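Enquirer: Protein chains in written order, with my numbering: chain A, 1 to 244; chain B, 1 to 244; chain C, 1 to 306; chain D, 1 to 306.
If you are wondering where the hints come from, they were derived from the structure by calculation, not from laboratory data.
Errors might be hidden in some of the hints.
Taking lysine to aspartate or glutamate pairs in the DMTMM-like style, the calculated list, with each CA pair at most 25 Å apart, reads [claimed, not checked]:
#: 1; chain 1: A; residue 1: 20; chain 2: B; residue 2: 67
#: 2; chain 1: B; residue 1: 20; chain 2: B; residue 2: 67
#: 3; chain 1: C; residue 1: 3; chain 2: C; residue 2: 37
#: 4; chain 1: C; residue 1: 55; chain 2: C; residue 2: 115
#: 5; chain 1: D; residue 1: 207; chain 2: C; residue 2: 290
#: 6; chain 1: B; residue 1: 20; chain 2: C; residue 2: 34
#: 7; chain 1: B; residue 1: 51; chain 2: A; residue 2: 24
#: 8; chain 1: A; residue 1: 220; chain 2: A; residue 2: 238
#: 9; chain 1: B; residue 1: 51; chain 2: B; residue 2: 172
#: 10; chain 1: A; residue 1: 20; chain 2: D; residue 2: 249
#: 11; chain 1: D; residue 1: 157; chain 2: D; residue 2: 202
#: 12; chain 1: B; residue 1: 111; chain 2: B; residue 2: 143
#: 13; chain 1: A; residue 1: 20; chain 2: D; residue 2: 31
#: 14; chain 1: A; residue 1: 111; chain 2: A; residue 2: 47
#: 15; chain 1: A; residue 1: 20; chain 2: D; residue 2: 34
#: 16; chain 1: A; residue 1: 220; chain 2: A; residue 2: 194
#: 17; chain 1: D; residue 1: 180; chain 2: D; residue 2: 138
#: 18; chain 1: C; residue 1: 207; chain 2: B; residue 2: 225
#: 19; chain 1: D; residue 1: 207; chain 2: A; residue 2: 225
#: 20; chain 1: C; residue 1: 55; chain 2: B; residue 2: 204
#: 21; chain 1: A; residue 1: 196; chain 2: A; residue 2: 172
#: 22; chain 1: A; residue 1: 20; chain 2: D; residue 2: 30
#: 23; chain 1: D; residue 1: 180; chain 2: D; residue 2: 121
#: 24; chain 1: A; residue 1: 221; chain 2: D; residue 2: 53
#: 25; chain 1: D; residue 1: 55; chain 2: A; residue 2: 241
#: 26; chain 1: C; residue 1: 55; chain 2: B; residue 2: 225
#: 27; chain 1: C; residue 1: 238; chain 2: D; residue 2: 138
#: 28; chain 1: B; residue 1: 221; chain 2: C; residue 2: 86
#: 29; chain 1: D; residue 1: 16; chain 2: D; residue 2: 30
#: 30; chain 1: D; residue 1: 207; chain 2: C; residue 2: 283
#: 31; chain 1: C; residue 1: 238; chain 2: C; residue 2: 151
#: 32; chain 1: B; residue 1: 68; chain 2: B; residue 2: 38
#: 33; chain 1: B; residue 1: 220; chain 2: C; residue 2: 31
#: 34; chain 1: D; residue 1: 16; chain 2: D; residue 2: 298
#: 35; chain 1: C; residue 1: 55; chain 2: B; residue 2: 238
#: 36; chain 1: B; residue 1: 8; chain 2: C; residue 2: 34
Just the calculated beta-carbon pair ranges, DEER-fashion [stated by the list, open to error]:
#: 37; chain 1: D; residue 1: 79; chain 2: A; residue 2: 170; range: 38 to 48 Å
#: 38; chain 1: A; residue 1: 43; chain 2: B; residue 2: 61; range: 44 to 54 Å
#: 39; chain 1: D; residue 1: 79; chain 2: C; residue 2: 289; range: 46 to 56 Å
#: 40; chain 1: A; residue 1: 125; chain 2: C; residue 2: 213; range: 52 to 62 Å
Note that this is a predicted model, so its numbers are computed, not measured.
Every residue, glycine too, gets a C-beta built ideally from N, C-alpha and C.
Spelled out from the first residue to the last, the chains are:
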Amino acid sequence: MRIELPLKSFPKPGTFLHIKPTREGSDPLLRRAFSIYDYHEADGAVEVLYKVFGRGSYILSRVPVGEKLDTLGPLGNGFEIPDPARKLIMVGGGVGIPPVYLLAKCCLREKIPATQITFLCGFSDRTDLVLSERVAKLNVTTEISTDDGSHGYHGYVSELLREKLAAGLAGDKTNIYACGPEGMLAAVKRVALEHKATCYLSLESIMPCGVGTCLGCVVKKAGEERYHRVCREGPVFDANEVEL
Amino acid sequence: MRIELPLKSFPKPGTFLHIKPTREGSDPLLRRAFSIYDYHEADGAVEVLYKVFGRGSYILSRVPVGEKLDTLGPLGNGFEIPDPARKLIMVGGGVGIPPVYLLAKCCLREKIPATQITFLCGFSDRTDLVLSERVAKLNVTTEISTDDGSHGYHGYVSELLREKLAAGLAGDKTNIYACGPEGMLAAVKRVALEHKATCYLSLESIMPCGVGTCLGCVVKKAGEERYHRVCREGPVFDANEVEL
Amino acid sequence: MSKPNLGVKIGGVELKNPVTTASGTFGYGEEFDEYIDLSLLGGIVTKSITRHERKGHPPPRTAETASGMLNAIGLANVGVDAYVRDKLKFLRGLGTRIIVNVAGFDLEEYLYVIDKLNGHDEIDMIELNISCPNVSGDGMEFSAHPETAFDVVSRVKKICDFPLMPKLSPNVSDIRGVAKACEEAGADALALINTLYGMAIDPFTWKVKLTNVTGGLSGPAIKPVGVALVWRVFNTVKIPIVGIGGIMDYRDVVEYMLAGATAVQFGTANFIQPDCTVRAISDLEHYLRERNISDINELIGKAIKI
Amino acid sequence: MSKPNLGVKIGGVELKNPVTTASGTFGYGEEFDEYIDLSLLGGIVTKSITRHERKGHPPPRTAETASGMLNAIGLANVGVDAYVRDKLKFLRGLGTRIIVNVAGFDLEEYLYVIDKLNGHDEIDMIELNISCPNVSGDGMEFSAHPETAFDVVSRVKKICDFPLMPKLSPNVSDIRGVAKACEEAGADALALINTLYGMAIDPFTWKVKLTNVTGGLSGPAIKPVGVALVWRVFNTVKIPIVGIGGIMDYRDVVEYMLAGATAVQFGTANFIQPDCTVRAISDLEHYLRERNISDINELIGKAIKI
Ligand SMILES: Cc1cc2nc3c(=O)[nH]c(=O)nc-3n(C[C@H](O)[C@H](O)[C@H](O)COP(=O)(O)OP(=O)(O)OC[C@H]3O[C@@H](n4cnc5c(N)ncnc54)[C@H](O)[C@@H]3O)c2cc1C
Ligand SMILES: Cc1cc2nc3c(=O)[nH]c(=O)nc-3n(C[C@H](O)[C@H](O)[C@H](O)COP(=O)(O)OP(=O)(O)OC[C@H]3O[C@@H](n4cnc5c(N)ncnc54)[C@H](O)[C@@H]3O)c2cc1C
Ligand SMILES: Cc1cc2nc3c(=O)[nH]c(=O)nc-3n(C[C@H](O)[C@H](O)[C@H](O)COP(=O)(O)O)c2cc1C
Ligand SMILES: Cc1cc2nc3c(=O)[nH]c(=O)nc-3n(C[C@H](O)[C@H](O)[C@H](O)COP(=O)(O)O)c2cc1C
Ligand code: FES
Ligand code: FES
Chain A
1 MRIELPLKSF PKPGTFLHIK PTREGSDPLL RRAFSIYDYH EADGAVEVLY KVFGRGSYIL
61 SRVPVGEKLD TLGPLGNGFE IPDPARKLIM VGGGVGIPPV YLLAKCCLRE KIPATQITFL
121 CGFSDRTDLV LSERVAKLNV TTEISTDDGS HGYHGYVSEL LREKLAAGLA GDKTNIYACG
181 PEGMLAAVKR VALEHKATCY LSLESIMPCG VGTCLGCVVK KAGEERYHRV CREGPVFDAN
241 EVEL
Chain B
1 MRIELPLKSF PKPGTFLHIK PTREGSDPLL RRAFSIYDYH EADGAVEVLY KVFGRGSYIL
61 SRVPVGEKLD TLGPLGNGFE IPDPARKLIM VGGGVGIPPV YLLAKCCLRE KIPATQITFL
121 CGFSDRTDLV LSERVAKLNV TTEISTDDGS HGYHGYVSEL LREKLAAGLA GDKTNIYACG
181 PEGMLAAVKR VALEHKATCY LSLESIMPCG VGTCLGCVVK KAGEERYHRV CREGPVFDAN
241 EVEL
Chain C
1 MSKPNLGVKI GGVELKNPVT TASGTFGYGE EFDEYIDLSL LGGIVTKSIT RHERKGHPPP
61 RTAETASGML NAIGLANVGV DAYVRDKLKF LRGLGTRIIV NVAGFDLEEY LYVIDKLNGH
121 DEIDMIELNI SCPNVSGDGM EFSAHPETAF DVVSRVKKIC DFPLMPKLSP NVSDIRGVAK
181 ACEEAGADAL ALINTLYGMA IDPFTWKVKL TNVTGGLSGP AIKPVGVALV WRVFNTVKIP
241 IVGIGGIMDY RDVVEYMLAG ATAVQFGTAN FIQPDCTVRA ISDLEHYLRE RNISDINELI
301 GKAIKI
Chain D
1 MSKPNLGVKI GGVELKNPVT TASGTFGYGE EFDEYIDLSL LGGIVTKSIT RHERKGHPPP
61 RTAETASGML NAIGLANVGV DAYVRDKLKF LRGLGTRIIV NVAGFDLEEY LYVIDKLNGH
121 DEIDMIELNI SCPNVSGDGM EFSAHPETAF DVVSRVKKIC DFPLMPKLSP NVSDIRGVAK
181 ACEEAGADAL ALINTLYGMA IDPFTWKVKL TNVTGGLSGP AIKPVGVALV WRVFNTVKIP
241 IVGIGGIMDY RDVVEYMLAG ATAVQFGTAN FIQPDCTVRA ISDLEHYLRE RNISDINELI
301 GKAIKI
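Can you make the complete structure from the sequences, with help from the hints?
Expert: Here it is as structure tokens:
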């Protein structure tokens with residue numbers, strides 16, 4: 001979905017928009033968060049890429065083109081542009097691909113050579129392959145995995161990641177950037193630890209306010225009995241900061 | 001608004017459709033009642049004519065052409081086709097015009113001569129004059145009143161009715177059919193009584209169910225401490241049956 | 001897989017499925033006869049009846065609210081004599097369970113109405129609406145305090161020919177005490193929730209939206225309250241629970257059963273979709289098939305804590 | 001017409017307008033600093049504070065419901081010492097009234113926290129959240145019964161330097177008794193309502209939607225309950241009432257004031273429109289102008305019976 005949201009500058013990858021799906025009545029009540037997928041410097045338009053899960057995304061999918069949308073953002077704390085010396089592995093699972101795609105695009109824009117970047121896309125099956133369309137156009141090494149083997153590597157994308165790291169990509173010189181379902185992120189974190197790779201995760205959570213005040217979206221801090229707000233301290237965290 | 005609702009036969013004038021405005025979520029919750037305005041025997045399509053008051057009608061006004069609408073009906077007890085010997089005066093106030101228009105159309109269809117019929121349309125001002133467009137095309141004597149005098153007769157349509165009855169139209173040989181705001185109907189009833197005219201009123205009321213079970217839409221029976229269900233015993237009543 | 005069992009048992013009465021209708025939202029069944037096959041229903045709970053005919057409050061009697069509605073019908077009903085004379089006839093033939101909701105404004109009225117109903121074997125169960133103000137008492141609802149609830153339920157139970165199901169109000173400090181009192185008083189089952197206490201005012205005309213000023217809130221808006229109270233009561237009593245409040249489709253039926261309900265009642269939903277009940281029944285069967293659940297009773301109280 | 005007066009007075013404290021924020025939905029104000037001019041607000045009620053820091057419940061802490069949401073945050077807060085040390089500094093400069101919401105799980109905790117707050121003149125008023133379970137008592141909410149409410153409010157009032165506004169729970173059999181008890185205990189104002197007791201279960205995973213199982217229901221769904229209880233309390237006590245529950249815009253503010261509220265709190269609405277409060281303030285001024293009402297206090301309790 002393309003949203004005309006005049007942003008003067010390139011949005012920080014990993015930040016998100018908080019969109020009100022409901023235009024009449026008060027049900028569904030809350031906004032839905034969507035990672036910024038792409039940005040068009042020509043007209044400052046922002047794009048989000050979403051899949052129809054439940055009510056909110058369904059309603060959005062039926063908004064006629066040209067309609068006004070009630071949108072907050074960009075919100076949250078995104079990915080930092082990495083040190084050009086590092087090898088970069090982007091890992092996107094399903095609707096987790098958008099923020100990582102924007103990060104990769106940003107890195108190239110910052111003149112980080114495409115050869116430094118590997119992009120792994122994970123899907124449960126082939127139905128959502130479209131989500132990786134633009135990734136393919138980035139001209140970085142891209143591999144796709146499906147849990148059911150119907151396309152590309154057969155297995156979890158975290159396993160594909162493990163093989164990449166085993167096959168040469170020195171872990172301690174590598175940054176991993178991942179977004180996807182919690183289970184996948186937990187697995188990616190484990191693999192990253194095994195190979196001493198630096199790892200950043202973009203988390204999802206149910207986000208009533210998106211601006212840090214309701215304390216509804218929290219994730220547990222690693223090690224201590226405290227919580228981070230995913231919408232404010234996150235959604236991007238160093239994998240060592242959070243407990244999944 | 002035109003609704004493809006294959007009705008085999010011509011609907012009874014005064015009956016209504018119960019339309020669910022909400023297509024997503026549960027707010028607004030209840031259906032809205034709309035009198036059947038017109039019927040197209042060619043394709044069996046029904047039309048309703050409405051004005052945007054609040055949430056329900058607003059949402060309906062934004063339903064894209066071709067969308068499916070959740071509709072119940074025709075419901076309720078409509079107007080009986082009158083004895084051809086009687087003079088007929090139709091009185092429609094604003095969005096009360098549709099059911100009376102359909103009755104007039106029905107009468108002509110039943111070969112009642114147009115000369116028997118007088119149609120009085122009442123408006124507060126000229127903004128809603130469009131509601132009387134098709135009435136004009138019926139080729140029956142039609143007069144329009146506006147409370148502010150901005151078009152046609154200056155004053156309440158009930159006053160216009162009184163003048164008509166005073167000027168010749170013998171009350172005791174006349175049937176009056178009226179639909180409109182409660183205040184107007186009460187006035188029409190008074191005028192009809194003065195001139196001993198038979199009078200039928202189509203009432204409005206807040207209608208949660210429309211089928212007679214919630215007992216929410218009631219109107220007081222004339223004389224006794226009992227109630228009629230507007231959706232079931234009505235919406236059309238002999239003026240003597242109800243207390244306004 | 002063979003047809004899953006949808007049958008449930010409430011206070012000794014077997015229902016062919018857990019889907020019944022809520023009192024006051026289904027009349028005496030007649031109006032819905034033309035929309036659905038009533039024999040498919042697990043049961044019908046008829047509109048509250050009282051000693052004498054009640055005409056109800058002057059209109060407006062309802063107002064729409066966010067995902068809900070307010071009503072102050074005023075327990076309009078034909079009175080027990082006319083009910084027995086005119087309504088039972090129609091209900092007899094329907095091939096579904098008939099649950100008669102009885103209301104009263106003092107203990108005597110409850111006893112009087114029950115006495116008139118005794119012996120009529122078209123009736124399968126009595127739902128006792130104890131959410132009425134006790135006018136000859138402190139004016140509070142009978143179901144507001146365990147003591148008053150125990151008193152009315154135990155007295156009615158003594159003379160009642162039928163299984164007895166008190167219907168509880170959500171407008172209480174601790175529904176567990178009231179539920180326990182009803183169980184100890186001999187209730188065979190419990191129905192909850194009745195409407196929440198509510199009110200609405202038009203900000204432009206300054207007029208209250210109901211002639212009765214306040215009314216009962218129902219609809220999807222109150223479902224979380226109903227589910228929470230069913231869960232609470234399920235963890236308090238042993239008798240079966242009939243869940244009520246904001247149920248619109250089979251998913252809501254499942255939610256209430258997972259919270260501890262053995263059966264449910266559809267109320268406001270009947271106004272929006274006259275066939276909501278029969279649709280839910282076939283959807284429930286489909287839901288069970290998909291999951292290879294052979295008996296719907298396996299859902300009761302099975303909510304998983306996380 | 002000259003600028004209408006929007007100022008109101010609560011327990012001796014003058015607010016520049018009736019629009020304040022509800023505890024737990026506005027943090028300590030910081031997050032909204034970038035969205036709205038906080039000095040425009042009538043006041044800010046800060047998140048409940050307790051004796052010690054509370055981390056709150058594990059996620060998920062919220063779930064969406066029909067026109068509402070459930071929350072079980074678990075009174076997460078920094079604790080009174082850190083509050084006084086770190087938060088009051090920011091609040092001091094804002095140019096709006098600061099109302100500190102205090103929670104406790106036994107009488108001592110309330111007294112301890114109040115004692116720590118005494119003397120800090122950045123604070124204009126205390127909102128006493130008595131909708132917490134009394135863990136050293138019967139485990140019921142303090143506001144569930146007039147006796148317990150009277151006890152805690154009267155004891156706190158004795159030592160409290162600031163005007164005291166107990167916040168009432170809607171989950172009671174008769175809120176009038178509780179309100180009267182608070183008034184007799186010396187409360188300067190009353191705030192109502194807190195959230196309704198609620199719960200939600202996913203019908204497909206069978207999992208409860210909150211780790212805490214049950215939570216508090218808020219949002220437009222509960223507005224009719226809040227309006228009804230404000231109306232009831234308005235007809236019971238003489239002290240001013242602050243209306244809470246499902247307020248989304250100026251029309252809801254008007255509705256609550258017509259029911260008897262002198263001021264209001266915006267809660268869940270802040271999550272959906274961060275600028276809902278300031279928008280409502282300008283809309284209220286426009287509303288009064290249009291109707292030639294010179295003073296917003298003329299709305300209080302003016303609902304018209306029909
Ligand atoms: C920071 C962030 C970025 C996101 N980016 C994208 C994106 O780029 N593309 C995309 O398609 N989706 C994204 N999501 C998920 C999106 O916000 C919605 O949750 C999703 O569209 C489902 O909402 P729904 O209204 O369709 O379903 P709902 O009707 O809300 O619920 C469907 C199911 O999803 C659950 N759910 C609701 N909200 C969330 C949530 N915020 N996170 C996880 N589960 C939830 C519900 O509990 C329910 O079980 C993002 C979420 C977050 C927090
Ligand atoms: C038998 C019948 C026939 C009708 N025919 C027509 C028609 O042909 N054309 C047309 O434009 N309207 C018609 N109406 C009115 C229509 O049903 C709606 O009430 C109207 O469109 C306002 O609804 P809303 O959702 O836009 O406003 P809402 O948001 O529902 O409310 C706007 C105001 O209208 C009031 N209101 C709500 N429902 C009703 C109601 N049923 N009757 C009166 N006031 C109500 C509300 O209390 C509120 O004050 C008819 C009503 C009835 C009962
Ligand atoms: C219009 C209307 C009339 C009602 N009449 C009664 C009644 O007579 N007796 C009763 O016990 N409950 C009555 N109720 C309450 C319902 O039986 C049910 O408990 C409540 O509406 C909650 O269920 P729902 O949300 O599915 O509607 C009535 C509800 C409505 C909406
Ligand atoms: C996420 C959330 C957190 C809340 N935290 C508190 C709290 O800490 N203390 C309190 O007294 N009320 C708390 N409340 C209740 C609100 O202050 C308010 O009473 C309630 O939400 C009803 O108002 P609303 O419908 O406008 O949200 C909280 C509500 C929400 C939604
Ligand atoms: S969504 Fe409200 S604090 Fe994060
Ligand atoms: S609208 Fe329900 S009885 Fe008429």
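Enquirer: Each of the hints needs a verdict: does it hold here or not?
Expert: To see whether the hints hold, each was checked on the structure:
no. : hint                           : result
1   : 20(A) with 67(B)               : holds, 23 Å
2   : 20(B) with 67(B)               : holds, 13 Å
3   : 3(C) with 37(C)                : holds, 20 Å
4   : 55(C) with 115(C)              : holds, 23 Å
5   : 207(D) with 290(C)             : holds, 18 Å
6   : 20(B) with 34(C)               : holds, 20 Å
7   : 51(B) with 24(A)               : holds, 17 Å
8   : 220(A) with 238(A)             : holds, 13 Å
9   : 51(B) with 172(B)              : violated, 35 Å
10  : 20(A) with 249(D)              : holds, 16 Å
11  : 157(D) with 202(D)             : violated, 44 Å
12  : 111(B) with 143(B)             : holds, 22 Å
13  : 20(A) with 31(D)               : holds, 19 Å
14  : 111(A) with 47(A)              : holds, 23 Å
15  : 20(A) with 34(D)               : holds, 20 Å
16  : 220(A) with 194(A)             : holds, 22 Å
17  : 180(D) with 138(D)             : holds, 22 Å
18  : 207(C) with 225(B)             : holds, 24 Å
19  : 207(D) with 225(A)             : holds, 24 Å
20  : 55(C) with 204(B)              : holds, 20 Å
21  : 196(A) with 172(A)             : holds, 5 Å
22  : 20(A) with 30(D)               : holds, 23 Å
23  : 180(D) with 121(D)             : violated, 29 Å
24  : 221(A) with 53(D)              : holds, 16 Å
25  : 55(D) with 241(A)              : holds, 17 Å
26  : 55(C) with 225(B)              : holds, 7 Å
27  : 238(C) with 138(D)             : holds, 23 Å
28  : 221(B) with 86(C)              : holds, 22 Å
29  : 16(D) with 30(D)               : holds, 20 Å
30  : 207(D) with 283(C)             : holds, 20 Å
31  : 238(C) with 151(C)             : holds, 20 Å
32  : 68(B) with 38(B)               : holds, 19 Å
33  : 220(B) with 31(C)              : holds, 21 Å
34  : 16(D) with 298(D)              : holds, 15 Å
35  : 55(C) with 238(B)              : holds, 21 Å
36  : 8(B) with 34(C)                : holds, 18 Å
37  : 79(D) with 170(A): 38 to 48 Å  : holds, 46 Å
38  : 43(A) with 61(B): 44 to 54 Å   : violated, 31 Å
39  : 79(D) with 289(C): 46 to 56 Å  : holds, 53 Å
40  : 125(A) with 213(C): 52 to 62 Å : holds, 58 Å
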